[in-house]
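Chains as they are written, first to last, in my numbering: chain X, 25 to 392; chain F, 24 to 350; chain E, 74 to 598.
Rather than coming from a laboratory, the hints here were simulated on the basis of the structure.
Hints are supplied without guarantee of correctness; some may be wrong.
[What the hints assert, rightly or not] Here's a subset of chain X near chain F, in silico, CB distances under 10 Å, partners left out:
id: 1; residue: Glu28
id: 2; residue: Val30
id: 3; residue: Ile112
id: 4; residue: Phe166
id: 5; residue: Asn169
id: 6; residue: Thr173
id: 7; residue: Tyr179
id: 8; residue: Ile309
id: 9; residue: Met348
id: 10; residue: Gly354
id: 11; residue: Phe359
id: 12; residue: Gly362
id: 13; residue: Thr365
id: 14; residue: Val371
Computed from a predicted model, the values in this text were never measured in an experiment.
From the three backbone atoms N, C-alpha and C, an ideal C-beta is built for every residue, glycine too.
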Amino acid sequence: MQLELVKRDAPSSKMLVAAPFMALGLTVLTSGVMFAVMGFNPVAALYEYFIAPLTELWSVYELLLKAGPLILIALGLAVCYRANIWNIGAEGQFTMGAIFGSIPPILFPEWTSWATLPLMLILGMVGGALYGGIPAFLKVKFRANEILTSLMLAYIALLILDYLVRGPWRDPGGFNFPESRNFSDEQSLATLEGSRLHVGILIAFAAVPVMWFFMSRTLAGHAFKVVGEAPRAARFAGFSSKVLTYAALMFSGALAGLAGIMEVAGPIGELRPTISPGYGFTAIIVAFLGRLNPWGIMLAGLLLSLSYLGGEAAQITLGLSDKMARVVQGMLLFFVLGCDTLVRYHVRLKPNPKVASTPTASEAADAA
Amino acid sequence: MLLEFFSFLRELASFFVYIFSPTILPGVLVTVVGSATPIALAATGELVVERSGVLNLGVEGMMIIGAVVAFGVSLGTGNPYLGALAGGFAGIGTALLFGFFTVYLASNQVATGLALTLLGLGLAGLIGESFVGTPGVRLEAITIPVLSSIPFIGPALFDRDILVYLSFAIVAGVSYTMFKTRVGLILRATGENAEAAHALGRNVRLIRMGAVAFGGLCAGLGGAYLSLVLTAQWTEGMSAGRGWIALAIVVFATWLPWRALAGAYLFGGVIILQLHAQAYGLSIPSQAMNMLPYIATIVALVLLSRNQAVMRRNTPAALGRAFVPDR
Amino acid sequence: MTLRLGNDVPLLAVEGLTKSFGALVAVGGVDLSIGEGSIHALLGENGAGKSTLVKMLYGTLQPDQGRFVIAGKPTVVSSPNEARALGIGMVFQHFSLFESMSVAENIALALDHKPTPDQVKAELADFVERYGLSVDPDATVGDLDVGVQQRVEILRVLLQKPSLVILDEPTSVLTPQEAESLFGVLRQLASEGKSILYISHKLDEVRALCDDATVMRHGKVVARTDPRKESSASLARAMVGSDVSEVSRKAGSVPADAPLVFELNQVKYDPGTLFGMSLKSISMRVHSGEILGIAGVAGNGQKELFDVLSGEALVDLDAVRMDGHPVGSHPISKRRQRGAAFVPEERAGHASVPAMALSENALITRKAPEDGTLGSLGVMKFSAIHKLSSMIRDAFDVRSAKGDPAASTLSGGNLQKFVVGRELSRDPKILVVNQPTWGVDAAAASFIRGAILELAEKGSAVIVISQDLDELLQISDKIAVLSHGHLSEPLDASNVTLEQLGLLMGGDPTVKAFQATDVERSDAA
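Could you build all of it, start to finish, from the sequences and the hints given here?
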């Protein structure tokens with residue numbers, strides 16, 4: 025049998041919507057099989073993963089809490105990926121945003137005013153944007169591949185954070201723990217009574233319609249798509265690929281940085297060596313699962329957040345390894361990309377072409 | 024400030040004197056080879072993949088899967104050779120998964136490579152959960168008589184395990200095959216212009232699958248080296264970005280096998296140098312030392328820009344572009 | 074291995090060959106037979122199904138129905154390897170060469186007895202001498218001229234020792250003189266008993282070269298004839314299905330006092346790409362209402378010249394002037410604001426984004442304030458964009474699916490009409506167009522040429538870069554030739570000969586003489 029792809033005249037709009045759901049179905053199916061192989065009741069495990077977290081209010085709050093940064097980062101990444109710029113260093117931009125945003129509460133702990141928090145958020149965005157600007161600069165100036173540079177910078181950012189909280193920014197009254205001082209109320213995002221849910225989540229969800237409008241209704245959003253689809257056509261249109269490269273990377277850096285400072289000024293409340301369970305990488309999955317569309321990203325962000333919570337829940341109730349969550353996430357991305365093929369192609373299985381008895385040249389000569 | 028800087032320079036100088044002293048240097052060289060070998064293996068494999076026109080960003084994922092499988096199998100069987108073999112096959116397995124998606128389903132190569140890395144890291148963590156803290160079975164050295172007693176390079180190069188020897192054999196074999204044989208000619212042609220290769224009747228997708236599988240084998244062996252030789256234990260995320268560095272080295276080497284080997288040794292040197300500097304007690308934060316390989320990667324990529332002419336001539340023109348034969 | 078056959082058995086017969094792509098029947102029940110030693114023309118305009126038919130003959134496509142009979146025996150050609158084993162060799166229209174590899178490596182790749190590049194060099198010498206096709210086996214293919222690249226393709230086929238050679242539009246990249254020497258080689262091959270299938274839409278060539286012809290239209294065979302006994306007009310009628318009204322430019326259409334609109338002054342430009350051609354001191358002047366044709370074989374700097382003219386590549390400020398204003402360092406958008414419009418060669422991917430809807434593609438070059446497509450803060454006005462898009466589609470007879478289909482769903486001719494329409498409907502003062510009718514069917518080509526002439530009559534300055542000499546002679550007032558990055562002095566289109574142009578295209582030394590005098594003159598001034 026041979027696998028055959030036949031290009032569709034135009035992308036199938038039906039498949040465009042159906043593909044992520046097919047991918048989700050395949051992921052559920054495959055992870056169910058894996059649960060069974062590992063000796064767990066697949067139905068119970070799948071229930072813990074995908075349903076249980078939705079049955080209690082506190083865990084719905086947690087769902088929104090984790091979805092916030094994923095959505096915010098993925099919205100920025102989607103702009104990059106639309107423009108065919110492969111920023112995979114959002115984890116670093118997230119971290120740098122957290123570091124920059126923490127400058128006021130850590131270096132000027134006494135300065136508390138209504139302006140403190142807004143300044144922290146702005147600094148977070150600036151930090152992320154500047155850090156995202158580095159791969160842009162290296163790409164524009166030296167043609168260095170942004171995939172590799174942005175990822176290397178992510179490793180570097182994590183080490184910088186580690187250095188700061190173990191060294192100069194360590195809490196002087198913190199018994200030598202690798203932590204910064206705790207942020208005061210003025211330096212933290214207000215939370216919903218009785219939960220860790222903070223107002224930053226509103227920002228993340230409010231960003232969804234804004235980004236939808238930007239990408240689908242403005243010329244600037246259109247420019248990112250044109251340069252991604254056909255770079256020569258973008259040049260012909262008069263869009264500068266340099267400007268777009270800087271814009272995409274710095275913009276996505278800013279959003280990741282904002283997510284970073286909101287994480288430390290929100291549920292964490294201080295700087296630590298580890299401030300993210302891999303949000304920057306999981307957001308890549310969110311962006312693709314959401315088809316690079318802001319509304320899709322919102323749904324995908326909630327789903328991936330669910331997989332984090334489900335992973336924790338299944339570990340507690342069933343003793344299932346928490347590592348399984350990352351496997352499920354990785355699988356999901358694989359299937360999404362595979363199902364994407366259905367949008368652009370008809371996929372067919374075809375028997376091998378018959379190997380008919382072809383006359384050799386000498387046979388042919390005999391025949392004549 | 025200036026005074027501090029001068030004292031630091033003096034410290035640095037004495038560190039280098041220490042490193043290059045006849046008593047220390049042989050040991051350093053041994054560790055450099057150890058740190059370079061997994062990167063060299065992975066980079067050489069990826070080089071073949073990219074020469075066929077496929078960009079597999081999942082090297083990190085294939086490596087870590089290779090590491091965990093090699094560790095588990097050698098632990099289970101007690102035979103590290105079986106472990107290394109299993110690591111290689113695990114690499115092939117994950118690579119074929121990637122290949123099926125990118126080559127046969129024409130999925131986006133960059134994104135699918137990322138997916139492979141994420142899945143590989145997760146899966147390896149899951150598989151390896153029970154191995155954490157267990158001492159592994161080490162792949163022992165095979166001493167080559169006479170050669171191993173050459174001062175300095177003898178112990179570093181000729182008193183090593185089979186994977187070190189294999190890494191040299193693979194680089195030599197790839198270099199010869201790529202530029203001196205018909206197979207290599209066809210491979211390069213496929214990466215240069217898949218449509219034309221197809222028009223001449225070459226089975227582009229099969230060639231690419233073969234190259235991808237070879238890349239998986241090499242990455243898996245590189246991973247096996249980590250868990251069977253370099254540390255002989257399993258720790259989560261032990262590939263620590265080596266797969267990504269290998270990817271950078273392929274670019275740095277402008278897709279030439281011997282240059283990739285040299286690049287791997289350069290990086291191996293950087294990694295070892297910073298480890299020794301930390302042990303020596305240089306007054307630099309350890310985090311800054313740990314950054315060195317990543318910074319070096321960025322610097323290497325940037326330096327390449329001065330070499331655009333060479334880059335353009337050797338870059339596989341069809342790199343990263345899916346090929347779908349029309350029917 | 075050459076096949077020996079009786080005269081009555083054709084070397085290759087094709088019966089009822091059919092191939093569909095979705096709803097489109099590209100080839101429907103085609104019969105074809107080629108005798109030994111015959112030069113057989115396959116005629117048809119773009120989109121008639123010639124290329125699909127040929128791909129099936131060479132095994133890169135599999136037919137849905139029908140059969141091949143080779144030397145009297147029914148056969149399946151399931152791959153190019155098998156086609157070669159059966160003695161079929163193919164010279165592709167878009168060369169299947171590997172640019173960064175050497176000539177010898179390229180040839181080795183196509184030979185099934187698996188020679189090394191060194192063995193190829195030895196085998197090559199004989200063929201080079203016998204057919205007078207000289208080429209350096211160690212040269213990198215990307216560095217060679219297109220004509221030489223074609224020689225490599227032909228040698229590659231000849232080394233396979235085929236009994237049938239298929240050539241797909243081989244002269245589209247050759248000067249008239251090069252084409253003539255190719256015909257010599259083909260006649261020599263035929264006299265050696267090899268059969269040739271010659272695919273073309275150029276009627277004069279076919280009448281001069283071929284002894285048999287099959288004419289295709291819309292995927293079907295519409296005529297089988299001896300082209301030597303036909304007139305060009307009768308062949309054209311068979312090919313197109315009706316008389317195509319051809320447009321033409323009247324000599325002396327440009328008034329003597331027409332103002333200078335566009336000038337290029339000693340432009341030097343190095344694209345810095347791997348196999349690009351740098352421009353060497355190019356100057357030109359175009360007046361209002363004038364059409365300047367730029368002739369030349371592909372790869373002699375056409376792309377680079379277009380980029381310099383459009384502002385996609387920037388040069389010294391004073392090197393390009395529009396209406397007397399220096400614009401050499403101004404990007405494409407600024408030049409558009411000065412009333413210039415551009416149509417690049419590549420319609421899918423350069424002039425348009427294939428995956429995007431026609432309306433979105435309209436916006437690409439129509440986002441100036443006077444187009445009314447954008448509101449404040451760059452918010453797109455979709456109703457205005459749709460209106461613009463349907464205006465273009467109506468005015469330029471763009472046939473497509475209803476609604477707002479993606480550019481990729483349009484046929485080549487219709488997409489080209491859309492792209493040309495998008496630019497012409499701005500009433501540009503200056504139009505630069507590269508290969509206006511490349512790969513376009515006859516009716517659309519005639520429509521596009523007519524639209525260009527109409528624009529010039531309204532007083533616009535037009536620069537047409539084209540490889541199609543007939544087209545340039547038809548619509549230009551003056552023709553200059555681009556060769557190796559040099560531009561010749563413009564010649565009067567009404568009394569220039571094909572031979573003159575061909576010599577210039579081939580890089581005749583007099584081109585440089587023209588160039589030198591041009592420089593001296595501007596130095597003196």
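Now for the hints, and whether the structure bears them out:
The interface hint given for X/Glu28 holds, since its Cβ lies 6 Å from the closest Cβ of chain F, which is under the 10 Å cut-off. This hint holds: X/Val30 has a C-beta 6 Å from the nearest C-beta of chain F, less than the 10 Å allowed. For X/Ile112, the interface hint holds, since its Cβ comes within 10 Å of a Cβ in chain F; the closest pair sits about 6 Å apart. Residue-level restraint check for X/Phe166 holds (minimum Cβ-Cβ distance to chain F is 4 Å; threshold 10 Å).
Because the closest C-beta pair between X/Asn169 and chain F is about 6 Å apart, less than 10 Å, the hint holds. With its C-beta approaching chain F no nearer than about 5 Å, X/Thr173 sits inside the 10 Å limit, and its interface hint holds. For the restraint placing X/Tyr179 at the interface with chain F, the shortest Cβ-Cβ distance is roughly 5 Å, inside the 10 Å limit, so the hint holds. A least Cβ separation of about 7 Å between X/Ile309 and chain F falls short of the 10 Å threshold, and the interface hint therefore holds.
Given hint, X/Met348 at the interface with chain F, holds; its Cβ is 6 Å from that chain's nearest Cβ, closer than 10 Å. With a cut of 10 Å, the hint placing X/Gly354 at the interface with chain F holds, because the nearest CB-to-CB distance is about 3 Å. Using the Cβ-Cβ criterion of 10 Å, the hint placing X/Phe359 at the interface with chain F is satisfied: the shortest such distance is roughly 9 Å. For X/Gly362, the interface hint holds, the least distance from its beta-carbon to any beta-carbon of chain F being 5 Å, beneath 10 Å.
Contact between X/Thr365 and chain F, as hinted, is supported at the beta carbon level, the nearest pair being about 4 Å apart and thus within 10 Å. Using the Cβ-Cβ criterion of 10 Å, the hint placing X/Val371 at the interface with chain F is satisfied: the shortest such distance is roughly 7 Å.
When each numbered hint is compared with the structure, no violation occurs for any of them.
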